[in-house]
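Undergrad: Take a look at the letters that make up each chain.
Protein chains: 2
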Amino acid sequence: MASKWIYAFDEVDDAQAASGGDWEETRALLGGKGANLGDMTRIGVPVPPGFTISTEACNAYLAAGEELPDGLLEELAAALQKVEEATGKSFGDASNPLLVSCRSGSKFSMPGMMDTVLNIGMNDEVVEGMVKLTNDERFAYDAYRRLVQMFGSVVLGVRDEPFEYVLERFRAERGVSSDSDLTADDFRAITEEFKAIVERFAGRSFPQDATEQLHLATEAVFRSWNGKRAIDYRNAAGISHDLGTAVNIQTMVFGNMGEDSATGVAMSRNATTGEPSIEGDYLTNAQGEDVVAGTRVTKRMEEMSREFPDIYTEFTEIAKSLEEHYREMQDMEFTIEMGKLWILQTRDGKRTAQAAVRIAVDMAEEGLITQEEAISRVKPEQIDFFLHPSFAVQAKKAAKDEGRFLATGLNVSPGAAVGMVAFDADLAERWAKEDGRDVIMVRPETKPDDVHGMLAANGIVTSRGGRTSHAALVARQFGKPAVVGAEDLIIDLSERVLHVGDRMVREGEVISIDGTSGEVIIGEVETRTPDLENDWLKKLLEWADQVRDIGVWTNADNPDDARLARSYGAEGIGLTRTEHMFFGSDRLPIVQKMITASIPADRVEALAQLLPFQREDFVGLFRAMDGLPVTIRLIDPPLHEFLPSFEELTTDLTDLKIRIQSAGSLKEINDLLARIEEQEHMLQRVESLRESNPMLGLRGVRLGIVLPGLTKMQVRAIFEAACQVSGEGAVVKPKVMIPLTAHVNELARQREELEEEAQAVMSEQGVEIDYEFGTMIEIPRAALTADEIARHAEFISFGTNDLTQMTFGISRDDAEKAFLVQYLEEGILARNPFATIDPEGVGELMRIAVEKGRATREGLNAGICGEHGGDPDSIALCRRLGLDYVSCSPPRVPVARLAAAQASIKEPMVA
Amino acid sequence: MASKWIYAFDEVDDAQAASGGDWEETRALLGGKGANLGDMTRIGVPVPPGFTISTEACNAYLAAGEELPDGLLEELAAALQKVEEATGKSFGDASNPLLVSCRSGSKFSMPGMMDTVLNIGMNDEVVEGMVKLTNDERFAYDAYRRLVQMFGSVVLGVRDEPFEYVLERFRAERGVSSDSDLTADDFRAITEEFKAIVERFAGRSFPQDATEQLHLATEAVFRSWNGKRAIDYRNAAGISHDLGTAVNIQTMVFGNMGEDSATGVAMSRNATTGEPSIEGDYLTNAQGEDVVAGTRVTKRMEEMSREFPDIYTEFTEIAKSLEEHYREMQDMEFTIEMGKLWILQTRDGKRTAQAAVRIAVDMAEEGLITQEEAISRVKPEQIDFFLHPSFAVQAKKAAKDEGRFLATGLNVSPGAAVGMVAFDADLAERWAKEDGRDVIMVRPETKPDDVHGMLAANGIVTSRGGRTSHAALVARQFGKPAVVGAEDLIIDLSERVLHVGDRMVREGEVISIDGTSGEVIIGEVETRTPDLENDWLKKLLEWADQVRDIGVWTNADNPDDARLARSYGAEGIGLTRTEHMFFGSDRLPIVQKMITASIPADRVEALAQLLPFQREDFVGLFRAMDGLPVTIRLIDPPLHEFLPSFEELTTDLTDLKIRIQSAGSLKEINDLLARIEEQEHMLQRVESLRESNPMLGLRGVRLGIVLPGLTKMQVRAIFEAACQVSGEGAVVKPKVMIPLTAHVNELARQREELEEEAQAVMSEQGVEIDYEFGTMIEIPRAALTADEIARHAEFISFGTNDLTQMTFGISRDDAEKAFLVQYLEEGILARNPFATIDPEGVGELMRIAVEKGRATREGLNAGICGEHGGDPDSIALCRRLGLDYVSCSPPRVPVARLAAAQASIKEPMVA
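Respectively, the protein sequence lines represent chains Y and W. Read in order, the letters of the first sequence are residues 1 to 911 in this note's numbering. Read in order, the letters of the second sequence are residues 1 to 911 in this note's numbering.
Simulated from the structure, these hints should not be mistaken for lab results. It is possible that some hints are incorrect.
Because identical chains share one entry, a pair is satisfied inside a single copy or across any pair of copies.
Simulated pairs of lysine to any residue, SDA-like, Cα-Cα distance not exceeding 20 Å [as the list claims (entries may be wrong)]:
1) Lys-906 / Thr-313
2) Lys-400 / Leu-68
3) Lys-4 / Leu-710
4) Lys-82 / Asp-545
5) Lys-228 / Arg-188
6) Lys-89 / Glu-372
7) Lys-593 / Phe-308
8) Lys-593 / Phe-108
9) Lys-89 / Val-131
10) Lys-538 / Glu-366
11) Lys-350 / Asn-801
12) Lys-906 / Ser-688
13) Lys-712 / Val-131
14) Lys-433 / Val-706
15) Lys-350 / Phe-613
16) Lys-299 / Ser-277
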């Protein structure tokens, strides 16, 4: 395949040529990190010299049963020689030693998942040469002991604990808390002990030969591609397993060579807010892993502008040029070695939803990217984060006033979360997944092994680590509210408890965390849904609306929801469930009377009592949606949902019968008897409405046909309200929608009833209302016979929840528990059909319905009002099917606007 | 429209010419009766002269608001004059009077539904003229009083009761039981009283003018088309309401002119058995209505061959020529007037299922009709009557030995029926329809008003009437077992009880009737399903098989059913429900153990225990179906069906806990505690399996995936059995069928498991079995994705019960009670989709599935195994869709064979 296994950083053009000029292919060949190092080198960024062993070499190695491919070692020697020439140093030469790092780097970023070995080239002789050269024995032995540990651990598979115990012992003996307080002698002694540990645990001595070190490290990185952590991460992130990893060999530069040295990680823009200014952390006189591990409290980049003003200026210029080059916000690792700035790595920066939106909009306005690119760069789910609950201001204040404030940390991933404290990932996962509880995972710091628990938890708290710590990165990536580095928290893992002073929270107790402010509070704090007053988001959604070619409507059952959705950009109401209006405490008794009526007159009376309530409901909706269509679905659910349960009634009856024993007066007895009779009548009706499969029973249009007067009352309420609001000067556009139609005759029947009543109301009121009559398509038969349906329906709206249930033969409530979760886990179903429309089955029925319906009625208005209406992939499907709009819950409206725009950008050719 | 309203019988050629030469149109114009009278006249049958007023005249009359169309009266006068010339008599002329009948006759026969007036032309003068002419005063006044009553009743709307009371009084005064024992003086007096009744109740006198009589009678017949009885009948029989009725005016001939006169009704072949010999009833010296009403006990036609040998010979020759002319068995009304035979009417004869089959086969063998015509003449439902239950011989004998025999009557409609006695039609209908009870309707005789009760009842008994009585005709037509003319029965309608001597049966008590033998028995008699050893049926079905082009398989769960179905002609098993095998008392506890197992080892053990049972089941099936395919569906129903109900378990537990209070020994206490624990475990499992919509829950293939080992056990049992039976020399063709597939991946998963186990068994046994793997298509999604499904399925079989439920969104159990009946009554649904496949919805899904499936796998074998597999219209649909076979319950196999053949004959061009 490859004629060349290794590319020096300054040979990136060759690598690109070998990849057919394609940069994506180049990234696949060199890995993201290697390609970027080459790319940076190409554009003049100060990158320590080095080279990349390609992913093809890795794949060849793994395919051959872990054997290095022919020619690799020769190329390696040549590449190394080139680095020696560039640096003027010599690998393994004690007099002027070259030290190198060896890092993995695959096509896609897998933070913390892959292995790294630093300071390769150090040995017993070289360390002494370093002492002489730097005149810093402490530095030299610190570097050496790091190599021995990393090599032992990464290359030879020795566990970290024995090394850590040694360090702990030394710290204890010296009475210090940090390794940076240990002395040169300490590190010299530690190095000896580390070498002994390697010898004992690995069964071989630490290799003194620099070249052998390099070869073994390279192979270890190759092998790490198939390590369990890496495989788990790729499974979770959906990354292919056959990409392989490249290995980057790079001259070591040291941030720990004194107070004129430093190391850090920084973003070209603020990853939390998106503000266009450098944001990051660094440590003076430290190695890079100290920053990432979060074991020392880092300094903000603002401080660097004072500590190293020139270098800070240089850094900001490099950051700007990198951003311009990559047209994306950059996440850079850097080291200052004795006053000289080196960029070790750059990659596209991870960011919060808020930052993603602001950065996309800013970059478009700066002319760095197009508006369409800006739209496509924000994931629809990120918009959802804007609507993540935050704590109600009053509730949070009250909690603090009650003394429930616990601690503050870094606000690294916004949003509010409430849950039970779990101190390890397994427990967090178990509580969340198996028991369905809300969990906050609390750890001193997090490691890649903890990701499954973090994903399962509602939120994350750590007592250590900075903005770029593992915990912060993962939380941001997956949109979990997180507070990190809350140093006041003392986490006692053995006692399963956390302390702040004398306050204590045991595992299993509830805390609330605010990822936006960084606060941690004891107990539960009430959350509230925020509005959408983010200027950048507003702009992004305006741009989205310009390219979007499918309508976004909302499902709203009351004026508040309607107004909220309208403020979010909804262009109409696609679904108002009238039955939700029936559950009010002032209405339910009347509804029950209507259902249990044994003579028609009683039903007529109950319906007459309901009429004014329903009318008021509709008046509010029509006012809120002045000028926009309002789709009102007539009553849908099985009647038993409005009645007390069988068990309740039985208990009540028993109770009444006992009370009658001790009744004090004839009047009381008579009252009780009357109530018993009433309850028994109710019980009888409840019994008679019992169904073995209520989902497929007496509901929807069937109710309208079986219960005379119900449709008529609802229609009257709609049209009386419409006439009233129209009289107020508003533009009213009602769309009356029949649920659960299976046969065109049901529709024909209801239409007749509706038109008669609508005409009656309109002539009574002397107002003409421009209305439409239509139906839900939520039964497969309705979709299959949409040509007939469209003879009576002026619009159709897919109820994809029921349609999915019936098309799949799955009762959602039952199935998720019984088998659906297992189906998803085992890959029998690739996606949950209740989250994303199943394109082959349900989508096919929708396609048939639209095609047949429009064959009968040209341009038949068609929408979707199931929960899928807010799901990006489902929106893209609806657009492909030629639907006129999607309708979703108010908080999903902005998500849908963006998703619809992205679909238009992605498939611009759809008619 | 018509240039001519009236056609004389000998002008039938003109009528046919006016109908474009088309005989069906001629029948529509003249009505069946009129057309046949003309037709008989044309071929030389002795028909009393007369003419037909066309249906167009009737429709013109009704359309004009009951006004006779222009020209009709003139044509009527001319036609009448022609009859006077032919008979040499004169209408309204006392010296030589012509009397005529006036009868309705529409295109389709509506027995007893339409009105008739006889002896028109009689008046106070004519009756005296008749006395002189015939020298028979009694005859003349009998005829006159009949006219007055019929005219009063039919034309003037006087109720029958006042007339009947007069007759009753005369009979009582004379001490006789029959009108035939009344004298001439009696009839003269009765006539006077009848005229007075008419005057009093109709408010006008009986018209003395013959022409007025005729005009009024004609109009009355026209109006009777829109009478309630006629409309009800047409609704029940599916006859169009806009056909109108013709009126036939025909010279009266009298069967009551002495002992050389007679009247009767006869079939050209036996209407009960189909034997090719004249069968019928007649009465000497009687009027036709005496025979039909069943008020006198009639004589069989055999007696006529002795009483009137020459005329009997003439009649049989006429019958033969009519049969040859119409190529159908004929039902003829005849009168002998003073030794001269007249045929009054002929029409295709109604017959039992047995007779229909034999007559069709005989006629084909006689060369009268083709084999295809024979096949098409028998309704599939009639084949079903062959399999109607009959009484088990031993059980009937035992009932008689116990003294439960009640009476014998005429065996007019075969089959056995058991039910509660109901003495009126309304009650019979209410009990049967609302309460779902089995009812036998018992009446002295039946009238058209009783039909709704007869349809609702399981069987019919009358104490009066003959083989051609109303009760007998209706019962035969609708396939209801019936015993008529059981004269020993004394029915006391006021006391609601029936007596035979001192035996008594009250209304609501159960009786059993045998329509095949004519017996009535007190209480319930066990019924049994007969076999199909009718030679004519066997021949008919053999002919059917020759033209049939779709396979007929059976649904059979055990070897007995399989053998039975095979004897009925089944060509394979299309569905074996393995779960039915799980309900045996020796198996259910093991099945429960399998379901409730809390550790895998327990489940494995239970499955191992089930294996030998299942294997034996399959061994029996494979043996029974040697050489034919056996489709075995893996377990399908929700698990809770195998467990006790929640209520049962709760009651049991309460019981056990009470018993523990009074336990006598420690051992007993321990035993009870162990059982309580067991029951509580069961209760827990029952609770956990509860589903809100079990039909859409954990069942079918989902079980096979969720319960490890279940599929494997079933597959092992199938293949071990197959190997064993194959070793015995039989040809074994198992088809393993996966139920409730929604997604191809379910199938892929199960197939993998199956193939592994099947291979394992076959190599263990050293036998190679030729098997197929396939799936039910009963979920809409499976139909829509049949292209994917067919990648793994070697055959598909439509489960149209579930497919209908899901396509319609209807739970059958709930729906029939809640709304489906109403939907059918109100015509929202034209047909019950659970009886006949809905072609637009379910049929469309089937079409899609076959098309897509065969696009992936050419010639994919496809069948249907829902209940629809035995429904003729559904079979025709399956054939149109290109299915390979239908599978139905064993008793429906012969029905399906015939229906399939008829479909092939009707649509011979289908590929």
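Undergrad: If a hint holds in the structure, say so; if it doesn't, say that too.
TA: To see whether the hints hold, each was checked on the structure:
When the C-alpha separation of Lys-906 and Thr-313 is checked against a cutoff of 20 Å, the pair qualifies neither within a copy, at 39 Å, nor between copies, at 93 Å. Taking identical chains as interchangeable, the C-alpha atoms of Lys-400 and Leu-68 are never at most 20 Å apart, the minima being 61 Å within one chain and 99 Å between chains. In this assembly of identical chains, Lys-4 and Leu-710 lie within 20 Å of each other by CA distance neither inside one copy nor across copies; the values are 79 Å within and 55 Å between. Taking the shortest alpha-carbon separations for Lys-82 and Asp-545, neither the intra-copy value of 54 Å nor the inter-copy value of 90 Å comes in at or below 20 Å.
For the homomeric pair Lys-228 and Arg-188, neither the shortest alpha-carbon distance inside one copy (34 Å) nor that between copies (116 Å) is at most 20 Å. When the C-alpha separation of Lys-89 and Glu-372 is checked against a cutoff of 20 Å, the pair qualifies neither within a copy, at 49 Å, nor between copies, at 104 Å. For the homomeric pair Lys-593 and Phe-308, neither the shortest alpha-carbon distance inside one copy (80 Å) nor that between copies (76 Å) is at most 20 Å. When the C-alpha separation of Lys-593 and Phe-108 is checked against a cutoff of 20 Å, the pair qualifies neither within a copy, at 63 Å, nor between copies, at 50 Å.
Proximity of Lys-89 and Val-131 under a CA criterion of 20 Å is satisfied intra-copy only: 15 Å inside one chain copy versus 152 Å between copies. In this homomeric assembly, Lys-538 and Glu-366 come within 20 Å of each other (Cα to Cα) only inside a single copy, at 17 Å, whereas the closest approach across copies is 90 Å. Within a single copy, Lys-350 and Asn-801 get their C-alpha atoms no closer than 35 Å, and across copies no closer than 54 Å, so neither meets the 20 Å cut-off. For the homomeric pair Lys-906 and Ser-688, neither the shortest alpha-carbon distance inside one copy (53 Å) nor that between copies (46 Å) is at most 20 Å.
In the homo-oligomer, the alpha carbons of Lys-712 and Val-131 never lie at most 20 Å apart, since the shortest distance is 95 Å inside one protomer and 71 Å across protomers. For the identical chains of this complex, Lys-433 and Val-706 are inter-copy neighbours only, at 18 Å across copies versus 43 Å inside a copy, given an alpha-carbon limit of 20 Å. Proximity of Lys-350 and Phe-613 under a CA criterion of 20 Å is satisfied in neither setting, with 51 Å inside one chain copy and 62 Å between copies. With identical chains, the CA atoms of Lys-299 and Ser-277 are at most 20 Å apart within one copy only, with a shortest distance of 16 Å there and 116 Å across copies.
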